[in-house]
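Residue numbers (the working numbering), protein chains in the order written: chain A, 634 to 804; chain B, 634 to 804; chain C, 634 to 804; chain D, 634 to 804; chain E, 634 to 804; chain F, 634 to 804.
Derived by calculation from the structure, the hints in this document are not laboratory data.
Any copy will do: because identical chains look the same in the list, a pair fits if it lies in one copy or spans two.
Lysine-lysine pairs mimicking BS3-like chemistry, simulated, CA-CA at most 30 Å apart: (1) 701 to 637; (2) 769 to 640; (3) 770 to 790; (4) 790 to 769.
Number of protein chains: 6
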Amino acid sequence: MKGKTAKESLTINTEVVLPNDTNHIGNLFGGKLLQWMDITSAIAAGRHSGRVVVTASINHVSFDNPIKQNSVVTLEAKVSRAFTSSMEVHIDVFVEDRITGHKTKCNEAIFTFVAIDQNGAPLPVPPLIPETEEEKKRYDGALRRRQLSLILGGRMKPDEATELKALFAKD
Amino acid sequence: MKGKTAKESLTINTEVVLPNDTNHIGNLFGGKLLQWMDITSAIAAGRHSGRVVVTASINHVSFDNPIKQNSVVTLEAKVSRAFTSSMEVHIDVFVEDRITGHKTKCNEAIFTFVAIDQNGAPLPVPPLIPETEEEKKRYDGALRRRQLSLILGGRMKPDEATELKALFAKD
Amino acid sequence: MKGKTAKESLTINTEVVLPNDTNHIGNLFGGKLLQWMDITSAIAAGRHSGRVVVTASINHVSFDNPIKQNSVVTLEAKVSRAFTSSMEVHIDVFVEDRITGHKTKCNEAIFTFVAIDQNGAPLPVPPLIPETEEEKKRYDGALRRRQLSLILGGRMKPDEATELKALFAKD
Amino acid sequence: MKGKTAKESLTINTEVVLPNDTNHIGNLFGGKLLQWMDITSAIAAGRHSGRVVVTASINHVSFDNPIKQNSVVTLEAKVSRAFTSSMEVHIDVFVEDRITGHKTKCNEAIFTFVAIDQNGAPLPVPPLIPETEEEKKRYDGALRRRQLSLILGGRMKPDEATELKALFAKD
Amino acid sequence: MKGKTAKESLTINTEVVLPNDTNHIGNLFGGKLLQWMDITSAIAAGRHSGRVVVTASINHVSFDNPIKQNSVVTLEAKVSRAFTSSMEVHIDVFVEDRITGHKTKCNEAIFTFVAIDQNGAPLPVPPLIPETEEEKKRYDGALRRRQLSLILGGRMKPDEATELKALFAKD
Amino acid sequence: MKGKTAKESLTINTEVVLPNDTNHIGNLFGGKLLQWMDITSAIAAGRHSGRVVVTASINHVSFDNPIKQNSVVTLEAKVSRAFTSSMEVHIDVFVEDRITGHKTKCNEAIFTFVAIDQNGAPLPVPPLIPETEEEKKRYDGALRRRQLSLILGGRMKPDEATELKALFAKD
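Chain A on its own, in the form it takes in the complex (with noise of 0.2 Å):
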């Protein structure tokens, strides 16, 4: 199966923060932000894939910046690596100020996802080619990632995760 750059599968989304979609000091809900995650990495993956996805896992996602109501958010997502019939893709997420147009990285996650027949079993995929100095690096964590998601989802024992132990070892 031939590989596809990541650049291929990009997926933009912008979205403005309606009323509803926050609490009452105005800060957007962080579940409203992950469905926005959600729905833009999907068809990242779709893209890559060219197959129906489901989300399989995410990894651990922080909500350090608080986005206020009327805010204009940016969320960019690229397939990070392909395994099998799965796919890590990396979202981007960016609010920008109204006046000046500078956009701030507000948020950073991390979605897998299954490429799957009408039965849901699981179909091959195929392989990323990172091209940038970014979508190496994302590529190459992958694997600690995976290792990592396999362990916390009890189908990994901790010593068999080679890769992700060196991160211990290396302090």
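Given the structure of chain A, go ahead and fit chains B, C, D, E and F onto it with the hints provided.
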């Protein structure tokens, strides 16, 4: 500040999966489930603290079992541990068989919230008093998860994560 | 057909009143509350019968206490009596004080559902076994409400409504 | 305060039943219809009073005819009687045959609204002047329904409900 | 095919502008009004033809008067002319003063629909019989607008648009 | 006021067509697409001006290609010309083939926005600097479209529309 039991923050939500919540083979979108999880657990954290709360982070979530359109989905959220101004909340998700009424656990997630004042500054919250065996187990695990969260967020060095390192050491 | 207790159909929903749910002095629309009541009680009737159910009627509902934007609203629905193929469901609605957590009952409604097959034909449902004092009282009142419903729907003559007439006679 | 005719408050709404408005055999949810009824009749009461209005109560509603997905539903609401600060509104619901255009009445409901000021205190509303035969019949029936409403709400004793008692006596 | 009057397709919708329908200075989004216009006029075209209809084009629309949050907006749509399988529909939009009930026309738009069968192939529709002065004027103008639409869509050359050219010639 | 390039206002949105967005033969509603166009182009105009913007008008839009449920739709909006306080924005709409990823242009629309202050008064906006061939062509056409818009809105006499008249003269 007087402690509160986990039971006092128990929040239950019952949802029906509608057409717009599903992809084109009729499975619930992961992002929609995340949004329901966020709302339910935010109410639980609000009940524990009596404060406005904001989502601070979510830990790893996996979606192993597809949930079909028209399913009845029940979400149960309870605070599992409170730190100075943050609260870890566990959400258990169940799908039930329409005919037999049998409930199957299909997902589990952990969200962390911070109690804030009108200016977004953190406020102290009551300690959590675990009662059942499961509540005690989740209470104990919260410290380890907090370390992992701090490492992944770049705010703690791996070798300071005493509890987490033990996870790898003991294997 | 084996009976079921009211507790077995208990369905709980917890909602937050968002800006779009309120009129311009910030009170929850009556129609939105009715919609939440319908969903919650339909799930309860579905749990009792294990069948697809449709709303057959709602009885008189009054909205005495305004519910403000951002309030946490809890709905609790339980089947109160089952007839051949119809089920009466009671819904109790509570609003809670954010700071003290004190819950106040603010509404109560009674919806009736019919269990149907794929063609819309009625199907038999299990009898209801009341257990608590309140469940027994609601069970007994269901017959009188059914007569009132039939009269108001033009399907029973007032003087056939033995139980209902007693309401006026005893004064 | 100068009276107004029923016609002056006539409010018409035309809705299409979408997938998310229906259960899984494709029938409109009762709760969705109730929400449409509430919005339409609230606008009618607002037109009669020129004030902010809140839903005070709804009387018995029955759902005899299932409404299918894609149906065109028309709601027509008119104030049927005004009391000091409350207004009774009748809503007639029609479904039309797509091909012949023939409209069939499929539901009818009565909502009561109260006109309020910014603090929620009741405000006086103009009297209602019925014109057609049907408007006069609904105007006359309003008093009896009001008594029933007060009894069901525990604010009137059954034997004080002179008009309502006559309903049973005359059989 | 027997003709139908414009009145037979009259479709009325009454909407309240909610928080999520407005930008951050509280004015109704143009796109939301366009969506309401499309739904209302599609129902009118469906009533005229007794068929499934799809939006074929909209002509120039201007938004001169801002509509504020909480406003009551009434849309009235009527078929203004029918061609072989297409129908031109005029939509008039009114905003009313809450206190006086005075309605002001604030927008006007023209949408064109095509009646289609299950495969999307066009179906013939009844001719339109204009009755009032305004209906006749709109009926006459429809031909000129159709020429403009064909030119703008690149399907007619400007010098074939006899009626439209007259518009410039007569000045 | 310093000019800005078209590229600086580029706004991209990627949407999936859900069941509630379609009519009963599964085609996207025209009104829904208009709403997506309005949001996307309003953000582009906001990016160009750094101001709150309101929709002033939309030009003729035709819907030639039905868009099916589950399709991935991409909207790309860029300011094509700026006048004193108004901005013309072009929106290109693409549908992509799920398997091959091939994108087909299926719609194009032009919306005009005005930059305003808190009281709704117009504010000056930066001039637009076209760069590509297509941007230059759209920039040149904007004057002619503006004249047509003023004529259709009754604010310019046809014989004052020098550029527009040339369109007819040159044939």
